[in-house]
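Number of protein chains: 2
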Amino acid sequence: MRDISLTSPIPLHHISIRDSFWSPYLALIRDVVVPYQWEALNDRIAGTEPSHAMKNYKIVAGLEQGDFYGMVFQDSDVAKWLEAASYLLALAPDAELETIADDVIAIIAKAQQADGYLNTYFTLKEPAGRWTNLAECHELYCAGHLIEAAVAYHDATGKSRILDVACRLADCIDETFGSEDGKIKGYDGHQEIELALVKLYRATGNDRYLRLAKFFLDERGRQPHFYDIEYALRDGRTHFPMLRMAKDKSYSQAHVPIREQQSAEGHAVRAVYMCTGMAAVAAETGDAELLAACRKLWESMVTRRMYITGALGSMAYGEAFSLDYDLPGDTAYAETCASIGLIFFAGRMLQIEARGEYADVLERALYNTVIGGMSRDGKHFFYVNPLEVWPEAIGKNANYDHVKIQRQPWFGCACCPPNIARLLASLGSYIYTHNDDCLYAHLYIGGEASVKLSGHDIRVIQRSEFPWEGSTRIEFQMEQPTTFTLALRIPGWAEKADVFINGIPYLLDDTETVDGYASIRREWNTGDSVQLVLPMSIKQMKGNPLIRDTAGKVALQRGPIVYCLEEADNGGQLHQLYIPENSSGFSSHHPELLDGISMIEMPALRLNGDQWGNQLYSARVKEQLERTTARFIPYYAWANRGIGEMRVWVNQQRIYPEEAMR
Amino acid sequence: MRDISLTSPIPLHHISIRDSFWSPYLALIRDVVVPYQWEALNDRIAGTEPSHAMKNYKIVAGLEQGDFYGMVFQDSDVAKWLEAASYLLALAPDAELETIADDVIAIIAKAQQADGYLNTYFTLKEPAGRWTNLAECHELYCAGHLIEAAVAYHDATGKSRILDVACRLADCIDETFGSEDGKIKGYDGHQEIELALVKLYRATGNDRYLRLAKFFLDERGRQPHFYDIEYALRDGRTHFPMLRMAKDKSYSQAHVPIREQQSAEGHAVRAVYMCTGMAAVAAETGDAELLAACRKLWESMVTRRMYITGALGSMAYGEAFSLDYDLPGDTAYAETCASIGLIFFAGRMLQIEARGEYADVLERALYNTVIGGMSRDGKHFFYVNPLEVWPEAIGKNANYDHVKIQRQPWFGCACCPPNIARLLASLGSYIYTHNDDCLYAHLYIGGEASVKLSGHDIRVIQRSEFPWEGSTRIEFQMEQPTTFTLALRIPGWAEKADVFINGIPYLLDDTETVDGYASIRREWNTGDSVQLVLPMSIKQMKGNPLIRDTAGKVALQRGPIVYCLEEADNGGQLHQLYIPENSSGFSSHHPELLDGISMIEMPALRLNGDQWGNQLYSARVKEQLERTTARFIPYYAWANRGIGEMRVWVNQQRIYPEEAMR
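Residue numbers (UniProt numbering), protein chains in the order written: chain H, 1 to 662; chain Y, 1 to 662.
Don't read these hints as lab results, they were simulated from the structure.
Take these hints with a grain of salt, some might be off.
Remember, identical chains collapse to one label, so a pair may be satisfied in a single copy or spanning two.
[To be verified] No more than 35 Å apart at the CA atoms, straight line, and that leaves these computed lysine-lysine pairs for DSBU-like: (1) Lys-496 / Lys-159; (2) Lys-185 / Lys-396; (3) Lys-199 / Lys-539; (4) Lys-396 / Lys-247; (5) Lys-296 / Lys-396; (6) Lys-296 / Lys-622; (7) Lys-496 / Lys-622; (8) Lys-185 / Lys-247; (9) Lys-199 / Lys-110.
In isolation and in its complexed conformation, chain H is listed as follows:
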């Protein structure tokens, strides 16, 4: 097997974040989110749907009495919490948190069955039903999350107990699934085990886990179809009757073998988790065909099926992709988890090939949908992230039944909150990747990192004004002068990039900037600094003309931040606002507003409908457009000031003189 990874991330215990934008998030994750979610998992949050997730484990472990409660995948909420806690422990010691985590691990270990099997739903509810409904019941998905948590905890603490549990579970799975006679030639309806097994392979060096990951990927979508076979074997028993999971193969990306898939289809979270697993296996095995399949699905997702906020999933039914260029803002599903998975996929691809498009998408999803998915109090979450909301219509037009207009304290299906926690807790690992003599800077987030380059320990100190201002400074400290390459990402949204080395302008030549990265190779001395200055202009973004929902509209973007209009700043009826094509707004920072945001004000026009009276349609009412100022806030900060309208795509007024058609 050949490793085609170009670069590796810097482990979390070699990274710290000190950044005016991100440090508050990290503090929130540590001080509020992870403790709050621990309470939620133990059913101690009043007025929310109970989780019962810890209780399920305790019942199986024989520590409590009771019945299973929750979704078939309830176990995964505990695993994702443990993974988030592990990342916090990697960042900084926390004896209290580690004690809680060790207790959780002890309970999980007690809940593991003698043969390594571990799943509270099947153990309590369907002990005879193990491995009979892979299409619907998330057994391997839950196992994957446990494995991810185990690897993270082992990395963070060096303790092996949960890694042992994970290995015994993985061994149980390996004994059950595979191409050999007597094994099940199947795979989970919700991908996750694949990417997790690659992590376990990396943590243990046991290549059975890598082979098993590849088996699950390659088995997917083959004929005769496994989901038909198991459906017949269980006499058509169905767990989620509304969704036709076993029948609608594209729902779980099992409609054709993964290497033949031409477009991102079905449930968006499954798709991005699958792609992450594919990229991980391709990186470890050097499988060029698999990498090509990753690139194909990436292109489908991000060039034809992604919202400007980095959100995925155009419809509620199936929480799924629909078709190319179908990106309605109001009925969008745009699940927080799908954007998190998109970051996993982008991050994994970035390790294989340093192309700016991966980091651009990663940044887009991170600064918009992902942080928009959580309130600044750390206790309220969006599952669905629409780009346009008309609160009056919620509850009246059933097409919006999936939309919440305020972040919720918890969910019956609570996949998103712990996913935000584990992503943000591990944010440091997305800032850089490196190989032997090159450091890639992908995200401009302040803090410190330690990395070995050209055989020497290099300390990398970043000070960033992102995302509000465009200047970032990276300083190196080292014992002795060292030659290596610094590859600075030049974001796709930046019209130009000014670089200063030790304060002196440095002209990038064309050969230095490839695929969105400016590579500066030289002998660096301790104290050397590189400053990158990017223009933070306000952009009227347009959607590809094949998108129906964005026709005649613009969205404002400044740096990585996508903006929106809210009723709180602009009154209602936001569809009556028009942004003239030649309007140039200005940005101003408001430290007191929404925990500190830059707001954009832009001259605009508002349609005055006063003359319409009771008429519904008319050719006679003369349109009256009045001058006004449209006030935009970052999309991620919406819905923090009560209930109101919101929209990202705003009508544009094109310049068009009367004589143009003559």
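With the hints as your guide, set chain Y onto chain H.
Positioned in the frame of chain H, the structure of chain Y alone reads:
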């Protein structure tokens, strides 16, 4: 009881239609639609969902063996067919059709139970379940349709057998329902019996039927709620589990008593049938409060919840109204039956008060949604009539699952096809209404009518160029000079109206034109003619600024006809077309196209997306607008030339010079 009706319609046997636009429809109904639907009701149309409706009756009548099949309201399809056949027989004798109808009537009569009860579903499937699930099971709805058919057949032929059946059924219902002790204080989930009982009262003079109609209306929505009571009595047994019919009271307009309802809510067809019944009872009883309730619901529907095509129902869930100004074109439900029911309601209101708004809406629904609901071959039908279709998305985005992009040969729920048949067969009765000395001309449709005015028989001959040209000529023939008023409707879409009497311009003064009708009172002699000439300008219609879906868009209308763009004439990606605000198109008639239509051609702009390549969002691509000609066809004629995109609301390019914001 005081009759507050101002006018009455002219009975169908005193009307004939001879009109270049409408005669082909009448011929189609007689020669194709009614025979075709007879075959459908007898399950002789290959390749379509079986109806089984006649077979159900035959089984109950003891003429055949078998089980019930179909919807709980399958009986109503036969009744609506019989009603349509009756109108054809009123227009012209047809021995063959009358024989078939008599045979049907004999079967229905045999299927009637000893106590007058008549419903094949309950008789065959739930004999003990009679009157136990009014909320869901359409027993009184089916009875209402049978009564309507019976009155129509009796009117047409003078034969009383089916009227006797209807009276026995109505008597059975009257013995079962009412405010007296021991009777059920309930009402049907789908309104229809109310309007039918008023027709039966008019046909028989038996005012028990009128009182029963009023009882059903006034009982609706009272507390304690009948649907909760009967739900408990049947232990929560539910017929349509997906729809919460018994729980969601507004679905069937039973959320509050009808006189307190402020807005049109729930299932659109039920709402318009209810309003028709309310208007009928108000007209017969002089109940001013009830009439005020009709006006309130009318205003809600037509000034805030109606599509420009005269369609109702903004969402598929519940086939229902949603909220004010929520009128999405692509996800519209816009059921053909709802527009037919809107015509019933408008026609009934027009008899009470001659206000142009009723006729304007009636005309809008008729010329656009209703005739659009049937193909020109008379054998294919739309149930759902969207205003925007993107065929590629159908089957891929589940929000369009209710949309068909081609008219269908039949439906499992086949309410719409026979509804079109009965409406168009009775079209003549909507042209005029009259009282003792005034003739109202509501629709400009050529043909002849006989009517008694000021005590004399007047023959009214109309020759109309509608809807393609704006000239209509009405000539009177009579034995002796007679003084009466001719009230000509001046459509709301007409900027002006030129009137000529015997070829000489006649100046309407302000006092003569009231509420959309120009009243000309004089002594008329035989041969006198009145010509009305209306400008048929092409209008760029705008939607009320509170409608989100029409913001920045226009729809073309010429006369009563609403136009659309089709891919067949314009290529795909119709959202890339812009109609400049100052663009003036021209209309030309094409006798060979789509059975003869006037097409509109208009200078337009098309966005050229060639420079976009693989980019999904960009601030850098310079927009290129190219001149083109947009070609519009009447909305009703869409989807007759293969599968393609269609849209009614087209982007408008507003005039806006570069210096405007300075």
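A quick look at each hint next to the structure:
1. For a Cα distance limit of 35 Å, the shortest separation of Lys-496 from Lys-159 qualifies neither inside one copy, at 47 Å, nor across copies, at 88 Å.
2. Taking the shortest Cα distances, Lys-185 and Lys-396 sit within 35 Å of each other only across copies (29 Å), while inside one copy they are farther apart (46 Å).
3. For a Cα distance limit of 35 Å, the shortest separation of Lys-199 from Lys-539 qualifies neither inside one copy, at 40 Å, nor across copies, at 65 Å.
4. For the identical chains of this complex, Lys-396 and Lys-247 are neighbours both inside a copy (31 Å) and across copies (15 Å), given an alpha-carbon limit of 35 Å.
5. For the homomeric pair Lys-296 and Lys-396, the shortest alpha-carbon distance between copies (20 Å) is at most 35 Å, but the shortest distance inside one copy (40 Å) is not.
6. Taking the closest pair of Cα atoms, Lys-296 and Lys-622 come within 35 Å of each other only across two copies (28 Å); inside a single copy the shortest separation is 50 Å, beyond that limit.
7. In this homomeric assembly, Lys-496 and Lys-622 come within 35 Å of each other (Cα to Cα) only across copies, at 18 Å, whereas the closest approach inside a single copy is 44 Å.
8. In this homomeric assembly, Lys-185 and Lys-247 come within 35 Å of each other (Cα to Cα) only inside a single copy, at 18 Å, whereas the closest approach across copies is 46 Å.
9. In this assembly of identical chains, Lys-199 and Lys-110 lie within 35 Å of each other by CA distance solely inside one copy; the values are 23 Å within and 76 Å between copies.
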